[in-house]
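Based on the hints, put chain A in the right spot on chain R.
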Amino acid sequence: MTEVPGEGRHELLAAMNQSILDGDDEAADRLAREALAARIEPLEAIDRGFTPGLREVGRLFEDGEYFLPELVTAAQAMQAAMAVLRPVLGEQASERTLGRVVIGTVPGDIHDIGKTLVGTLLAANGFEVSDEGVDVPIERFVERARELDADLVCASALLTTTMAMQRDLVNAVRSAGLRARVLVGGAPVNQAWAEEIGADGYAENAAAAVDLARRTVPP
Amino acid sequence: MTSTPPAPLTETLRPRVTVLSDPQVDGIVDQALDVLATVGVEVEDDATRSLLADAGERLNGERVFLRERSVRDAIASAPSRLLLADRDGGELDLSGDNVHFDPGSTALHILDRETRRRRSPSARDVVHLAWVTEACRNIQAQSTGLVPADVPETVADCYRLYLALRHSRKPVVTGTFRGDGFAVMRDMLIAVRGSEEELRRRPLAIFDCCSTPPLIWSELAARSLIDCARAGIPAELISVPLGGATAPVTLREMVVQHCAESLSGLVIHQLASPGSPVVYGGAPAAFDMRHGTASMAAVEAMMVDVACCQVGKRLGLPTHAYMGLSDAKSADWQAGAESAMGVGLAALAGINMVSGPGMLDFASCQSLEKLVLDNEACASALRLASGVSQASAGLATELLAGDRNFLGHPHTRRNFRAELHMPGPAISRGSYGEWEQAGGRDAFDAAAVEVDRILARGNPAPLPDDTARELDRLMDGEAARCGVEGPSWSL
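In order, the protein sequences belong to chains R and A. Mapping of the first sequence onto our numbering: position 136 corresponds to residue 138, and the numbering continues sequentially without gaps. Mapping of the second sequence onto our numbering: position 311 corresponds to residue 672, and the numbering continues sequentially without gaps.
In short, the hints are calculated from the structure, not lab data. Backbone N, C-alpha and C define an ideal beta-carbon position, used for all residues, glycine too. Worth double-checking, as some hints may not be accurate.
Said to hold, decoys possible - If you anchor each label on the Cβ, the simulated ranges turn out as follows:
| no. | chain 1 | residue 1 | chain 2 | residue 2 | range |
| --- | --- | --- | --- | --- | --- |
| 1 | R | Leu161 | A | Leu370 | 33 to 43 angstroms |
| 2 | R | Ala178 | A | Gly801 | 37 to 47 angstroms |
| 3 | A | Ser747 | R | Glu149 | 47 to 57 angstroms |
| 4 | R | Glu13 | A | Arg830 | 27 to 37 angstroms |
| 5 | R | Ala95 | A | Leu756 | 34 to 44 angstroms |
Isolated chain R, as found in the complex:
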């Protein structure tokens, strides 16, 4: 077994960081493989290579320097790296997961962008995300949440006409006896609506949704 000596290891970790900043999923994938080949611990690659990059991207976004395309491509690069590293983590993988999430757009609504954005950011930030797509039947949400023993069910609605489906979803999750908390979002949705339908939380935008998810799922 050969380990990468200090200098080379440092360069590799810096390159991982940069691949996230650049939103370069091909580079992130390649660097994750190189790390494994060089016998760098997957946890070290994640914690000291890729995650600092993601954190930096988040900071740049908050500061108004980065915008959504940079946020999303960074998240995609993070996912590319995780796809390589997660299988190797074994037992550690489930310990490291912040929570399991089922996400989708409610029945009758085909709006994709907000939901995908939230899903991508949750996944990049350490949640295990199952994106069910758009126009997802209520039963499908419930069924998947049960299968995965999900911590969170996240439902998006962009239309005032489809918003009501979020209420049906909350009721369905509750009556199925699932432990999952239900978070809602979308353009017409607000805190008052979330409270009215008995949802467990609402976030104004994708970045806030990540914070909300962290707060909602106990460690």
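Frame of chain R; chain A shown alone:
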């Protein structure tokens, strides 16, 4: 008949607005030449009249009649490009269709944030204007935009320049209030640039020289033209026809008068120093037939601005106009509509220097909050003028056939910054909830938050100590010369 060949498919079209055909522009220039030869201009300065007489122009009292050949010579000797440079040498290229903005200048009032009424500006306000201008990315030049009321009038012109130079890197659009005010202002510019030679090579300021309508050059303006020409400091010809009051009411004839006044100024300027840099500027206004006010934000004034710019381009000169200002009394809907239309038209017309942002109430009142908002309008105007890029031509099929997650697509990440202008925080682009959470502010209040953020950072562009000391020395000297006591000029 000639026809321009179609642009290659991959070339981005530069959107343009014109209000006159080329033959109509030529007709206006011809008529202006006729006015100068047969009606002449009044020149109130003896030395300037002597200069013109020595060159062979015919005089009758204060009136000077200019021969077409003299005017054509002046047009030919004036440079078609002006490279203005900021304090650090960053260049503003005043030529072609390049567009730059500077705050409207010489306001007698500032809009008070709390009362939303005008008040007299202090020297501190002059400093704050420089700081805010420095922070506005789409306002490329500063101006001595406020007349401080807490400083004796005799030194107010050079004091404004002193403060502008100490508090912003950007080049300055300025001017003198008095005949003997030029020398110290020139010396201040030399002090910042390092030497007279350097200042000639890289001009740091433009001086506005305003003719008096109709067809009059006052002593102050004529001397200023000659001073600028000899010092190699760019002069900006500012003809201010007021249609229906000090100029004919028809727009075309306003443009003729503007052209005649400007060309007579050009002759004086180029006689004093052939080849010296000069800008074909102006501040035409529409006379309001109910209130008797001079509106530079009236749509007709803007049409004349665009027409004058076409004439200036035809003459091969850098161009200027007063646009992006408003006659409104507060930074309200009227202010936004008039200013945005002004900067939009100016950008489409390709006017090289556009003075106006921040200005209200017939160019008499500056507002820091409006300047921050106008900066956003300028950004949109510049984006508009940059056109529809053809750089991705042919890629649509490939893009639509592939991964349709466009938000996470490398093509988006590569192109979105150039394609989509991202407005600053004073512009509401968030959701209703985000807007509400951030305080639910209207444009003015949102801009006020930005202004506070900028002012809290302090002087963004302090001068090196030795340069600052030299400016102090010049300011002290001028104050002493004018018999004004200044406790401490630096702020």
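Inset, instruction - Just tell me: holds or violated, for the beta carbon distance of alanine 178 of chain R and glycine 801 of chain A against 37 to 47 angstroms? - result: Holds - the Cβ-Cβ distance for alanine 178 of chain R and glycine 801 of chain A, about 39 angstroms, lies within 37 to 47 angstroms.
Legend entry - arginine 830 of chain A and glutamate 13 of chain R - C-beta distance against the hinted 27 to 37 angstroms: Violated - the Cβ-Cβ distance for glutamate 13 of chain R and arginine 830 of chain A, about 48 angstroms, lies outside 27 to 37 angstroms.
Legend entry - C-beta pair serine 747 of chain A, glutamate 149 of chain R: status relative to the range 47 to 57 angstroms that was hinted: holds (52 angstroms)
Legend entry - Range hint compliance [Cβ, alanine 95 of chain R to leucine 756 of chain A, 34 to 44 angstroms]: Hint holds: Cβ distance 39 angstroms, inside 34 to 44 angstroms.
Inset, instruction - Just tell me: holds or violated, for the beta carbon distance of leucine 161 of chain R and leucine 370 of chain A against 33 to 43 angstroms? - result: At roughly 40 angstroms between Cβ atoms, leucine 370 of chain A and leucine 161 of chain R fall inside 33 to 43 angstroms, so the hint holds.
The structure is inconsistent with hint 4 alone, although it conforms to all the rest.
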